[in-house]
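Starting from the given sequences, assemble the full structure and let the hints guide the process.
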Amino acid sequence: MLNGFTRTFPPLRYLTAEQEESIHRGALFTMETTGMQIEHDGARRLLADAGCAVDDDANRVRMPAWLVEECLRKVPTHFRLRARDSANDLMVGGDTVYFMQGMGMRYVDLETWETRPATAAEHREAMIVADALPHTHLAEGWEIYTDRRNIPPVMGMLENLASAIRYSSKTQVAGNIQDTEIFAIMMAQAVGTDLFPEIEHACPLTIQHGGAQAAFRYAEAGIPFVPALSVNQGATGPATLAGAVVLKVAETMGWVVMSQVHTPGAPMAIHHGISAIDMRTGDKLLGTPARGVGTGMMNQMLRRYGIPIWSNTGFASNSKKIDFQAGYEKSLGTLLSALAGGQVQMFQGGSSTELLYSNELAVMEDDVAGWIGGVLEGFIFDDETLAIDLINEVGPIPGHYMAQAHTRKWWNKEDYFPQVADTESYASWVTTGKRDMLDRARDKVAEILSTHTPSPLTDSQEDALEDVLKQARDFYRKRGVISDAEWETYLQELSLGDGR
Amino acid sequence: MDQQTLADLGRAIKEYDGDAAAALAAQALSEDIEPVRVLAALTDAIREVGDGFGAGELFLPELVSAADAMEQAMPIVDAAFTEHGGERASQGKIVAGTVAGDIHNIGKTILCTLLTADGFQVVDLGIDVPVDGFVKAVEEEKPDLVAMSALLTITAQEQKKVIAALEEAGLRSGVKVIVGGGAISQAFADSIGADGYSPTAPGGVSLARELLSID
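Protein chains in written order, with the numbering used here: chain U, 126 to 625; chain G, 1445 to 1659.
To be clear, the hints were calculated from the coordinates, so they are not data collected in a lab. Positions of the beta carbon are idealized from the N, C-alpha and C atoms, including for glycine. Possibly wrong hints are sitting among the right ones.
Unchecked claim - Ranges of calculated distance between the beta carbons of each label pair, as one might list FRET restraints:
#1 A1608(G) to P581(U): 34 to 44 Å
#2 A1631(G) to R429(U): 43 to 53 Å
#3 E1585(G) to P189(U): 42 to 52 Å
#4 R170(U) to G1614(G): 41 to 51 Å
#5 R1455(G) to Q450(U): 38 to 48 Å
#6 T365(U) to E1585(G): 33 to 43 Å
#7 E1459(G) to P363(U): 17 to 27 Å
Said to hold, decoys possible - Residues from chain U that face chain G, not an exhaustive set, calculated with beta carbons under 10 Å:
#8 T271
#9 P278
#10 M282
#11 I302
#12 Q303
#13 T361
#14 R405
#15 G407
#16 S608
Structural data, given as structure tokens:
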């Protein structure tokens, strides 16, 4: 099992006990008074039987507080996420913090900063790099390069998931659009892995048919699932942080009640992110301090209920480049969420408002993840680390610590030493070509790609994966989602392989 | 008297008071002010708010609130036009919506608001609009232009299907089609046979004006 990082001190608390209670009460009131719009007939029937007031004409479900409280208690506080290689299993929950590969629609050229659809080979490389990075505990192959060259979009994510499972033995994210979860579940079962799928949510206060259906399908397959409850302040939710958190908590309650009535004890997490928008353009702002504060507030509420947290505070920046802005927006947001009790941080490699994914950025941010992990793990405190006897033994100058057994044992135990940050002396930096962190990250990517071999699938797993893809292609062809012209181009693209 | 009611109506829009706008529109009509003058008071006010937005003095919440207030008054004005045996004139009619499978509302709503503020008559079909929904709206509303939004790569293809369905129904040549949204690029717009693409809502308004040859 991957241990991730353990936060060794209480999480940052933004809300007083009274404020926490007011948010909880406000959300209960909202669920009882206004409720959720749930566009799934079967879900509404289940909820009516469980004691909700259901208005089928308006698709509206009002949930009594006692039922909400009861269902909140049913959500497991921890769950194991099995990877296809058990060494990469995760135990999500509590004070353990994991980092997840970020997402980005397109491949970016680091010379021109232009983006374009990615090839199969580029997706393969992204997964191999993520597989090798020590602080990337979960992989996000599903949403890396959703824009794939010549692949019909509905098949893009499924082709991505197959590639991700082939080239990384870490647990994978998945999703649900257009029934793709059917095939994602089949792939997971074919190789004996769990998934960590996020389910589309419609904000405010709406669960669409497809989202409810996917949550039920994942729950029936025993796979933990994660409603994605992002909000744009002032657009899809209140402009105030406290109001946005009330709305997100209310929606959390709606998803929890629907899911726990369907499958009591179903493992689930909540994916959340609170963002301001630029009121001149409507563009989402991903790097504001309020986003970090709102995430902290929401983390605190979810910890109150013991619901595991997927935070996206650092999943992307508004910057179009890999630069100082991307660095501070993503890293500080992630640090804040991790300090405030977030358990899974979506982070490494994505930027430009979800538009780009870069291996080089992933490598650099894996260093940041290690840095944040160092902050979370803090220090070791016992007689030996206090070193009182040693200090008295070494005494004043000319005494020093370099030759001490204590130093040899401890110098690298409480700190993180970056892989690609520039730590050279100035003179050495000049002699070696004045290279910066991005240059070093490029070397690291090349090194990983020439040396790292992910643990391979067995032949029967490969066959099973290919069979699921074939079934999915047939399914969407018959459904008319893939046109004849798209099909021809798709087949030609597939014949090129992935450069393996 | 006329001037006072119309001035109050304009002010109601600029104060984002939809109830007052609806009441004042009804009052103006009951004072026998011609529907065309009532409409002008509304469009002048919304344009003023739009200009403030363009100048960076007002922001989306003000713009969308003013458009909402106008929307409350419009059915009353439209009914008066119908009663007088006519239809209100606009610089163009636009049908807009977010395509099937996509629930992203905000970008499309901002575009609709800016188009309204610019003087277009806008029919907002909402989110998750199926192909048939667009085709039916084009048949019934007879717009000059269709605007489609898609945020997700996976739903962007729906825009292509709508264009194909419009062609099949023999409606394509009668309308301009523009596309936008997070997953869309100029290359994609060209590849599906759209007439135009804009990455931003204000750009979408300029594009609509350009395609409909409005100065």
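key: Beta-carbon spacing of E1585(G) to P189(U) - inside the hinted bounds 42 to 52 Å or not   = 43 Å, holds
task = Can you let me know if the beta-carbon spacing of A1631(G) and R429(U) is within 43 to 53 Å?
result = This hint holds: roughly 48 Å between Cβ atoms.
key: Evaluation of the interface hint that places M282(U) against chain G, nearest CB under 10 Å   = Holds, because the Cβ-Cβ distance from M282(U) to chain G comes to roughly 7 Å (cut-off 10 Å).
message = Under 10 Å is the threshold here; is the Cβ of I302(U) close enough to any Cβ of chain G for the hint to stand?
response = 5 Å, holds
inquiry  = Can you tell me whether the CB distance of R170(U) to G1614(G) sits inside 41 to 51 Å?
reply    = For R170(U) and G1614(G) the Cβ distance comes to about 43 Å; the hint holds.
inquiry  = Please check whether A1608(G) and P581(U) have a Cβ separation lying inside 34 to 44 Å.
reply    = At 43 Å between Cβs, range holds.
task = Just tell me: holds or violated, for the beta carbon distance of R1455(G) and Q450(U) against 38 to 48 Å?
result = 42 Å, holds
key: Assessment of proposed distance window 33 to 43 Å (beta carbons of T365(U), E1585(G))   = Holds, at about 38 Å.
task = Hold the hint about G407(U) up to the distance rule: shortest CB distance to chain G must be less than 10 Å.
result = Result: holds, 5 Å to nearest chain G Cβ.
Interface restraint verdict for P278(U) against chain G (beta-carbon cut-off 10 Å) = 4 Å, holds
task = Identify whether the interface hint at T271(U) stands, where standing means a beta carbon of chain G within less than 10 Å of its own.
result = Nearest chain G Cβ about 4 Å off; hint holds.
query = Would the stated hint for T361(U) survive a check requiring a Cβ distance to chain G of less than 10 Å?
reply = 7 Å, holds
In summary, the structure agrees with every hint in the numbered list given earlier.
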